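Visitor: In case you want the letters, here they are:
2 protein chains.
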Amino acid sequence: RMQNSRSKPCSCPSLKLREVASMYFTMVAAFLVILVVALQGSAPRESDFPYKVPLDPQGLLELSWNVSYREQAVHFQLLIRELQFGLLFGMSDRGEFENADLAVLWSDGHNSYFGDAWSDAKGQLHMDSQQDYQLLGARRAPEGLYLLFRRAFSTCDPKDYLIEDGTVHLIYGILEKPVHSLQAINVSALHGGLQRVQLLKPNISIPELPSDMKTMEITAPDVVIPSQETTYWCYMAELPEGFPKHHIIMYEPVVTEGNEALVHHMEVFQCAAAFDSFPHYNGPCDSKMKPDRLNYCRHVLAAWAMGAQAFYYPEEAGLAFGGPGSSRYLRLEIHYHNPLVFKGRRDSSGIRLYYTATLRPYDAGIMELGLVYTPVMAIPPGEDNFILTGYCTDKCTQLALPAAGIRIFASQLHTHLAGRKVVTVLSRDGRERRVVNADGHYSPHFQEIRMLKEVVAVFPGDELITTCTYNTEDRSRATVGGFGILEEMCVNYVHYYPQTQLELCKSAVDPGYLHRYFNLVNRFNDEEICMCPQVSVPQQFYSIPWNTFNRDVLKSLYSFAPISMHCNKSSAVRFPGEWEKQPLPSITERLREPGPRCPPAPGPQPAAPVPLNLGQLRRD
Amino acid sequence: RMQNSRSKPCSCPSLKLREVASMYFTMVAAFLVILVVALQGSAPRESDFPYKVPLDPQGLLELSWNVSYREQAVHFQLLIRELQFGLLFGMSDRGEFENADLAVLWSDGHNSYFGDAWSDAKGQLHMDSQQDYQLLGARRAPEGLYLLFRRAFSTCDPKDYLIEDGTVHLIYGILEKPVHSLQAINVSALHGGLQRVQLLKPNISIPELPSDMKTMEITAPDVVIPSQETTYWCYMAELPEGFPKHHIIMYEPVVTEGNEALVHHMEVFQCAAAFDSFPHYNGPCDSKMKPDRLNYCRHVLAAWAMGAQAFYYPEEAGLAFGGPGSSRYLRLEIHYHNPLVFKGRRDSSGIRLYYTATLRPYDAGIMELGLVYTPVMAIPPGEDNFILTGYCTDKCTQLALPAAGIRIFASQLHTHLAGRKVVTVLSRDGRERRVVNADGHYSPHFQEIRMLKEVVAVFPGDELITTCTYNTEDRSRATVGGFGILEEMCVNYVHYYPQTQLELCKSAVDPGYLHRYFNLVNRFNDEEICMCPQVSVPQQFYSIPWNTFNRDVLKSLYSFAPISMHCNKSSAVRFPGEWEKQPLPSITERLREPGPRCPPAPGPQPAAPVPLNLGQLRRD
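Chains as they are written, first to last, in full-length UniProt numbering: chain A, 1 to 620; chain B, 1 to 620.
Treat the hints as calculated values from the structure; they're not laboratory data.
Possibly wrong hints are sitting among the right ones.
Stated by the list, open to error - Among the chain B residues that face chain A by a calculated CB cut under 7 Å, a handful are:
no.	residue
1	Leu135
2	Phe518
3	Leu520
4	Phe524
5	Ser556
6	Ala572
7	Arg574
8	Phe575
9	Val610
On a predicted model such as this, the values are computed, not experimentally measured, just so you know.
Positions of the beta carbon are idealized from the N, C-alpha and C atoms, including for glycine.
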């Protein structure tokens, strides 16, 4: 720390810059405005900003960015196609306009300014005392105005958003009138919106691709996008008969030009091998015309969401498809997000699979971690952050994983509508070792398969603990676990290799202990709950009067009661062994919240001892 | 915030100082050491440092200090009578040498240095990157070396101790050998000790004292201090017969010269008026010879602890003593702390009361807030911070307080050995309004009557909520509430005026709900607890198997179950009304933790917008 502190030079030149800037600011009406920053040389190349996402449904605002892990900063390039009197761009916890961290470009009709600002709980804008959105350049081009700016992941300014792994809620607002100062803006009144992205894309080197690689496009056949906000479109595709086993080694989106802002996410599912054939279908997934059998097409082959790039398998592994024992039928699902209700837009988007017949050393597999889909795991109503935890125990990994372990390289987090955070942690010998995947701003509306920054090795005896945080403030009755959209899930689909028989490693509270809880709550609350034996678990949860005691005791139950383990080869077939009334994994050492490392405030004295002239101290 | 940030000048001169200091540090072996700081002019006057406390039992280290609330800093003067090769002085959470914040004076045998350091969890010393103990001067005098230094309450350096109201655990360590660098010191191995003080004495203006003021010394009559570490000495004194009602308006300690480090604390109690006379006694309080009747002398008239100064009543109030209806008998109790087991020390310490016959407008009173002394409030074993809360409800204050309210001006917090923190908060209309008194480093070994920084007005309908935090990590069975030294209390004795009939405003959980808890725990844990009706509450607590569920549910019970209120005129006489099964006060708005206001780290750019030359933005 001494080194650090001493090596930092005092920024005397910045004092002058600050004074100058401040002078200009106060006298700006009287002076001609000078161009403080300008893009050096020519326009930046496309490859400078590999990630791109439209911010608004019309695609008038287009954000490109890159991530420098060395500098711990993101560089943004924002294309504004039809600039009016300025623009707000920023980040907030869940996409709200209040308590947001914003870069603001504004014009009073004559002059334009750029600054770092924040909005308070009422949406009122304030200039930030520390300017962390750093403007690097601005450039007029035929297609619009490009703004280039930079933002460190962590600024140590309490008014700033901390850019972390996982989902980031980007927000934008349009200034449609001249504004005379930033303080005059209330963001809550602006026309704007939000866009979710994974800002901190992992920095992964692309594996070499084989020369015999082939491609296959699973795309919608010239669909007319329905003129409604939300459509899930289903289209059935089919592999050629006798198509042998191949490895998918990469896939990427194929998005019809002009529809970039409408195609929200796409998935390709493989159907169950149990059925010999599946009907053809091309229509909305919720249509009455959709054949029921399509519900058996749920094995994910590929998944893409807006802002994601091509997905590459690690060079040692590929995802098997084709060959005996797997279905020839594929289902493409496209989520069209059309809030402006455009009519008659045609779309042929989909996913392009890259595959090879030269099989790689390992088949990749997908394993489900988290909670069993059962109503015994429930969330009381009115909770702002209720936590449920699912376990993959040492006993299960001991039994099911090879001695050499498995390597997790990607992860897709999944909850239903109440989910707000999801994290999976790897624990070994009772000590949490590392985060497998975490999303502190998780949204059920933005589910992607994400490559991990680093592959995580899991060995027999390790534990994988998946924790989901829910918000049920808008609900009046308990939310139980289950498949329904208003029921909840807590799942992490991890992608790994080599594939093992273990498809599912999940838990739920022991039903006997839950019964004790209902009993206890019933007696404590003067027998108000129906404990009749024919009443279902959801009905019992719905009849609980939710006071603080009943809530707290449910939390205590979930963090104490033994669990029922699903250590399964497939969703119905367990590994042999005793899986009921298993002890909860005990954690003796938790991972510390990483938290930003902020330098201490500038001290009154340097970090060096003060020499004293006291003569010899001891007088002996 | 902009204003603030811009007005801060860049500290260019300090850059030079830093570089110079750093140069000296690295080249100190080659150069003659210069005297960097020296006391300007003559020695500081006694009045510059009004507070004084010996640090060690021999009184070889004497700390004086003053508090500047304007500068938010403490100035220390440390007298080192027999300096060897240096000294450590500092602060830590509870007086431990590890994780401490230290000022260090050290000598390598030739040169001496002063610096701000911190010790890690293993006691290893490190130079702090931010030097917050600022040396102001050093001075040789016949009695020893004086060090003068300054420390801000809050430094915003995470390695530093935050100086707050309430108890501060000071520590010292002696360097008995030359040390060649600060990094070579491990504090755990040093000879040293701790001293508890209230560092942030309130800045109270002393009320004018009346001309007819008289004094009375209640002092021990030439006691030979027993040669043992801990002695509680009891001495009975007596007011003259027919002594009329007076007001005590001030008191101060009388400590025999040379015994400053031995007299730990002293209290004067008035005996119960119910008895006509009390026997004389002069001896240890725990002696078998002590008459039992002395146990009825418990009404506090005056209390002093090491480091405290004179206690002044507010000018409108005095503490009544003498006159009909009050006992003539007083008990002086002195705690002698003699860890070095000095033999034959004689002592005549005590307390000097200043009183007046010209009664002030109001009698002062003492009221007990917190928890009733009952085993229904219990702490499980092995807890590091278990919280119990006692309530003085709106219903009680509505009934017992005058419309004009009362003014609390002083407070004495009290727990037994497991107590670690105590805080009383005033709540009005369900919203916490202010802290009455708080000690985040409370020690049961350091109980003083503390003047509040500001008088707190309490009106009918207000609620006073007292919360105690306990540590029972060293215990193997539950700790129940009660009078015993291994039982617990949670009390705040508040001193206020005008005196009312309300002597006691305390609560405990409803016994019926506790019974439900025992029942519930019993059923949940397979009937392991003896629920036989003849078993006492402590016995039931002792038989609970303390797993996380039983602990958590006890916490939930205490924060949910209705309470039994003691809204009493004296310890046995309640105000009329229904006081059983009262609802817990509901708090809709909590006080925010104050926390230090730290400036954001220096930013990359000044807080001013960047003007851009974009021409007119809108192209219409």
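Visitor: Any hints this thing doesn't respect? Which numbers, in order?
Guide: 2, 6, 7, 8
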